[in-house]
Amino acid sequence: MSVFGPNELLEDVFQKDLCIGCGACTYLCPYFRSYRGKTAMLFPCTLDQGRCWAYCPKVEVDLDDLSQRFFHRPYDKDPLGFHGSVKISRAGKQVGTGSFQAGGTVSALMSFALNKGYIDAAVLTDKDGILPVPRLVTDPDDVLKCSSSKYTASPTLSALNQAIKEGHSRIGVVATPCQALAIAKMRSNPMSDEDFTDPVGLVVGLFCTWAIDFRAFDAFISKRIDVNKVTKVDIPPPPAEIMEIYTDSGKVEIPLDEIRKLVPNSCSYCIDMSAEFSDISVGVLEGRPDMNTIIVRTKRGQNIVDEAEKEGFLVLDNLPKENLEHLMWAANNKKKRALIKAKEDGLINTSQEDKRSYLRVRPETVEEIIS
Amino acid sequence: MSYLKDNIEGAQYLLMGNEAIVRGALEAGVKVAAGYPGTPSSEIIESLSKVGKEMDIYVEWSVNEKVAMEVAAAGSFAGLRSLCAMKQNGVNVASDFLLHLAASGTRGGMVLIPCDDPGALSSVNEGESRYFAKLVEIPLLEPGDFQEAKDMTKWAFELSEELRQIVMLRSVTRMSHASGNVEFGKLPASHVHAEFKYDGFILDPMEGIMISAPVGYRHAQQQEKLKKARELFEDCAFNTYNGPDKPELLIITSSACTLYSREAISMLGLKDRVGLLKLGTTWPLPPKLLKKYLSMTDRIMIVEEVLPFLEENVKILAAEMAPEIGVKTFYGKNDGKIPMVGELNPDIVVNALAQTLGIDYKAMPDEYANKAQGVAMAGTPSRELTFCPGCPHRASFWSIHNALELDGRKGFVCGDIGCYTMAILPCGFSSLKTSHSMGSGSGLAGGFGKLGGFGFDQPILSVCGDSTFFHTGIPALVNAVHHESNFTMVILDNSGTAMTGFQPHPGLKVNALGDEAPSIDIAEVCRSMGARVEVRDPFDLEETRKTINQLIEDKQGVKVLILRQICALSPEKKAEKKYDMTIDEKICLGENCGCNRVCTRIFRCPGLVWDKEKEVTRIDEVICTGCGVCADICPAGAIKKSSVLKEVA
Chain A
7 MSVFGPNELL EDVFQKDLCI GCGACTYLCP YFRSYRGKTA MLFPCTLDQG
57 RCWAYCPKVE VDLDDLSQRF FHRPYDKDPL GFHGSVKISR AGKQVGTGSF
107 QAGGTVSALM SFALNKGYID AAVLTDKDGI LPVPRLVTDP DDVLKCSSSK
157 YTASPTLSAL NQAIKEGHSR IGVVATPCQA LAIAKMRSNP MSDEDFTDPV
207 GLVVGLFCTW AIDFRAFDAF ISKRIDVNKV TKVDIPPPPA EIMEIYTDSG
257 KVEIPLDEIR KLVPNSCSYC IDMSAEFSDI SVGVLEGRPD MNTIIVRTKR
307 GQNIVDEAEK EGFLVLDNLP KENLEHLMWA ANNKKKRALI KAKEDGLINT
357 SQEDKRSYLR VRPETVEEII S
Chain B
-10 MSYLKDNIEG AQYLLMGNEA IVRGALEAGV KVAAGYPGTP SSEIIESLSK
40 VGKEMDIYVE WSVNEKVAME VAAAGSFAGL RSLCAMKQNG VNVASDFLLH
90 LAASGTRGGM VLIPCDDPGA LSSVNEGESR YFAKLVEIPL LEPGDFQEAK
140 DMTKWAFELS EELRQIVMLR SVTRMSHASG NVEFGKLPAS HVHAEFKYDG
190 FILDPMEGIM ISAPVGYRHA QQQEKLKKAR ELFEDCAFNT YNGPDKPELL
240 IITSSACTLY SREAISMLGL KDRVGLLKLG TTWPLPPKLL KKYLSMTDRI
290 MIVEEVLPFL EENVKILAAE MAPEIGVKTF YGKNDGKIPM VGELNPDIVV
340 NALAQTLGID YKAMPDEYAN KAQGVAMAGT PSRELTFCPG CPHRASFWSI
390 HNALELDGRK GFVCGDIGCY TMAILPCGFS SLKTSHSMGS GSGLAGGFGK
440 LGGFGFDQPI LSVCGDSTFF HTGIPALVNA VHHESNFTMV ILDNSGTAMT
490 GFQPHPGLKV NALGDEAPSI DIAEVCRSMG ARVEVRDPFD LEETRKTINQ
540 LIEDKQGVKV LILRQICALS PEKKAEKKYD MTIDEKICLG ENCGCNRVCT
590 RIFRCPGLVW DKEKEVTRID EVICTGCGVC ADICPAGAIK KSSVLKEVA
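Residue numbers (our numbering), protein chains in the order written: chain A, 7 to 377; chain B, -10 to 638.
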């Protein structure tokens, strides 16, 4: 596959309003920067090929190629992507206390991995008020400071680029599905760099149905509450259908239908609910606010989960069958909707000479998912 | 020690036109001089400031041209000879006072010296000050060479005193900035006493009150003065004729165009065919004199720069005299022989003459012009208009540009007058989207800031230099604060009127005569108006950028950001380097992904040079000022700065 550069990134992603602001293209060079949830190009760049385009999860994502590379088989119709065990989990006693969402599994895994040297740095998402802030952490105790979910799109991968620049070689990342996809592209060495070594030691993916545009969200809630006083934002598992915003003076509930209006266009093309290109994926568990759903996808993921359980960082249990079925149903729905829309809008499997695609995957797989 | 005050009568000096004007003023015994810096006028006040103390002259760089004219007028009202100097558009600023001053009249001789800039070599306009003389009904003089510049200035004071009226002596760039031989006259003894008399008869020009009313009376008196000037101009030695008694064509010209016309006539060998009437008194025109020369021939060419001021006025006279002198054919602006835009030069006049007289001659054949152009393009390095090495403006606009791009709401900058006007160009990352007159950037920004009710939601910045702030920036800021406009005024404070040569302004602790003076704190002025004020060092790129983003996100009222860093060329800096800059060639990413020459392709400080062979950046140590900013824009850390160690004596 040919690699293009910054001008094509503008054309293929920015101008099509597909940028989700994941941060993959930022801090690689002096040109792409993230600010308040938006990625900006500060100055024109004339290069024909660049990492900015090559790492972007919104252009020429070849799912079969990536799947082959990481899971040694083509992409298929499984709603949860390639995976091993699917269980439920929560943080064990060895993990300190933090303001976890659900079971605290993500914080448990990252602090365990840092503690035991599986990774030498962790790329996490902290917050400043309601603004998500990428954070590079090397002290396990700092992991918990970044706990709790953020629902606005975050340029977290800018911290990954920073970590690589600083010379970290086994970096752990907590990533949304789009961020995990960008990491997968980056790890596949698209620029064919001779000195390339994979700097990523662990990817913990987060379930995601959509994210909210930060600037739209900021404008939306600024009219209702003082954003500086927000302490926590939560979307409880279905069927609640609300967003809860906690402030010093209590809780405000906003119907999810209103929040969905703030979801960027880009999310509607996303086929991935469970962060399929990660080592371990974690999400909420319906009906059990104290637990998470956990999907293990790779050997190293399995190894860390096993060791974390053994060392008291993680408590695992079996996932009830109806939960798994519902999870698959929801994940499949997201895929279906996204593929139909991408097809309609001509963003998938376009002829190479004609125009570049957002997504490439075998057409028979597309049909299998849609039907 | 200035040679301008040498008291050697008859000695010859090579003087710049502006110096010749100053010498004329000194010979006239000028006692009060004020102005606002502006090319090509600045050397007048500057030269006077150097001799002011010794020669007992009060000289000041005023806050703006209107105030300068008022300060000079006060000297005149108190019986002293005074002058004010400014560039062409400065007269626009002063014109309201000028209108009233022309009506009240003056006492001690007072001369207004505007220096126009045809071709806008150092301007953003091609304004004409001559029309003001006609508009406000005062006499206009235009020197045609350097000796005249001196002699005519001296005479202008005498004329002003004779008429009790301000006299305009207008120069142009090629008169002010070119040099020629000037023979000195005597300097007067310097004993004057200043007193403003006001208790005589109310309408007495020398002892009454100075006011433009009663309007009917004063206006009529003003026109009497103009009539008297017209009579005096009939025999004025500054109006000269060279040529045959019956020329085929008569050129009427003035100012620097005299030199171009003379050269053109000589080049074409037309001494016996073309007459040259050079006028020194161009408003009001002396009709008898004009009648005499217009009667010589039926073909008249008017040679002057920019607008057809002389042409129109001569044509009016010719129409009035037509029954006696006959119908004339005119060549000039109106028929397109002489361009109405840009400077003239001898070639243009040669072509106009050749065309009019049917001479087959081209001043510069096309083939030659193309060849010359080709050689110039091939042989000269491409040097774009840019900020100097180490210029704080480059750093300021870097941060402004980046803040606006990050913000992403199509924000823009309203520009103003100074070196920073160049930020319309790539050297300022094309940040400026408007630029007009002094102070107008902030006035415009204040206006944009009131358009929210119409859905306007772009962030607005204005930039304003420190001297510009005092000149006309303050009223714009006052207006915006009072009307609760929403924008950010960025004051680019580089500690002086840098573009015109570091003249002092009220923000500094020194005045034009070099004396210590109380300085006015820009930040305190802005705060006292109720604006939110931040002060930053533009060399701290990240802090400056962050502050700009915060300010443009603040939707409440007027914000002022003062970016304070002394001009790299400032004499006070004495080329002192803060850092030694070096490049680590092994780290430099060059054209690779991750940099793509951001320092030499985008930032483009002239001190950074792209080494094509090695494919790395080099520091040009000769011109690098060691500001250290480029080290902060290098994404790889290849540009290193190390503090310059001061040697201990």
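Keep in mind that the hints are not guaranteed to be accurate.
[Unchecked claim] Below, a list of computed lysine-lysine pairs in the DSS-like style, where the Cα atoms sit at most 25 Å apart:
id : chain 1 : residue 1 : chain 2 : residue 2
1  : A       : Lys44     : B       : Lys567
2  : B       : Lys575    : A       : Lys44
3  : B       : Lys360    : A       : Lys44
4  : B       : Lys603    : B       : Lys575
5  : B       : Lys575    : A       : Lys229
6  : B       : Lys630    : A       : Lys171
7  : A       : Lys133    : B       : Lys544
8  : B       : Lys535    : A       : Lys133
9  : B       : Lys629    : A       : Lys235
10 : B       : Lys563    : A       : Lys44
11 : B       : Lys575    : A       : Lys235
12 : A       : Lys22     : B       : Lys399
13 : A       : Lys171    : B       : Lys575
14 : B       : Lys280    : B       : Lys317
15 : A       : Lys229    : B       : Lys629
16 : A       : Lys267    : A       : Lys235
17 : A       : Lys22     : A       : Lys151
18 : A       : Lys171    : B       : Lys629
19 : B       : Lys601    : B       : Lys535
[Said to hold, decoys possible] Which stretches of chain B does chain A cover? Using the computed rule of at least three CB atoms under 8 Å from a CB of chain A, they are:
id : stretch
20 : 395 to 409
21 : 581 to 589
These are calculated hints, taken from the structure and not from any lab test. Note that the structure is a prediction, hence the values are computed from the model and not measured. Even glycine gets a Cβ: it sits at the ideal position worked out from N, Cα and C.
Checked hints:
no.: 1; hint: Lys44(A) / Lys567(B); verdict: violated, 37 Å
no.: 2; hint: Lys575(B) / Lys44(A); verdict: violated, 34 Å
no.: 3; hint: Lys360(B) / Lys44(A); verdict: violated, 52 Å
no.: 4; hint: Lys603(B) / Lys575(B); verdict: holds, 11 Å
no.: 5; hint: Lys575(B) / Lys229(A); verdict: violated, 53 Å
no.: 6; hint: Lys630(B) / Lys171(A); verdict: holds, 21 Å
no.: 7; hint: Lys133(A) / Lys544(B); verdict: holds, 23 Å
no.: 8; hint: Lys535(B) / Lys133(A); verdict: holds, 18 Å
no.: 9; hint: Lys629(B) / Lys235(A); verdict: violated, 43 Å
no.: 10; hint: Lys563(B) / Lys44(A); verdict: violated, 44 Å
no.: 11; hint: Lys575(B) / Lys235(A); verdict: violated, 49 Å
no.: 12; hint: Lys22(A) / Lys399(B); verdict: holds, 18 Å
no.: 13; hint: Lys171(A) / Lys575(B); verdict: holds, 16 Å
no.: 14; hint: Lys280(B) / Lys317(B); verdict: holds, 12 Å
no.: 15; hint: Lys229(A) / Lys629(B); verdict: violated, 47 Å
no.: 16; hint: Lys267(A) / Lys235(A); verdict: holds, 23 Å
no.: 17; hint: Lys22(A) / Lys151(A); verdict: violated, 36 Å
no.: 18; hint: Lys171(A) / Lys629(B); verdict: holds, 18 Å
no.: 19; hint: Lys601(B) / Lys535(B); verdict: violated, 35 Å
no.: 20; hint: 395 to 409; verdict: holds (count 3)
no.: 21; hint: 581 to 589; verdict: holds (count 5)
Comparing the model with each numbered hint stated earlier shows that hints 1, 2, 3, 5, 9, 10, 11, 15, 17 and 19 do not hold.
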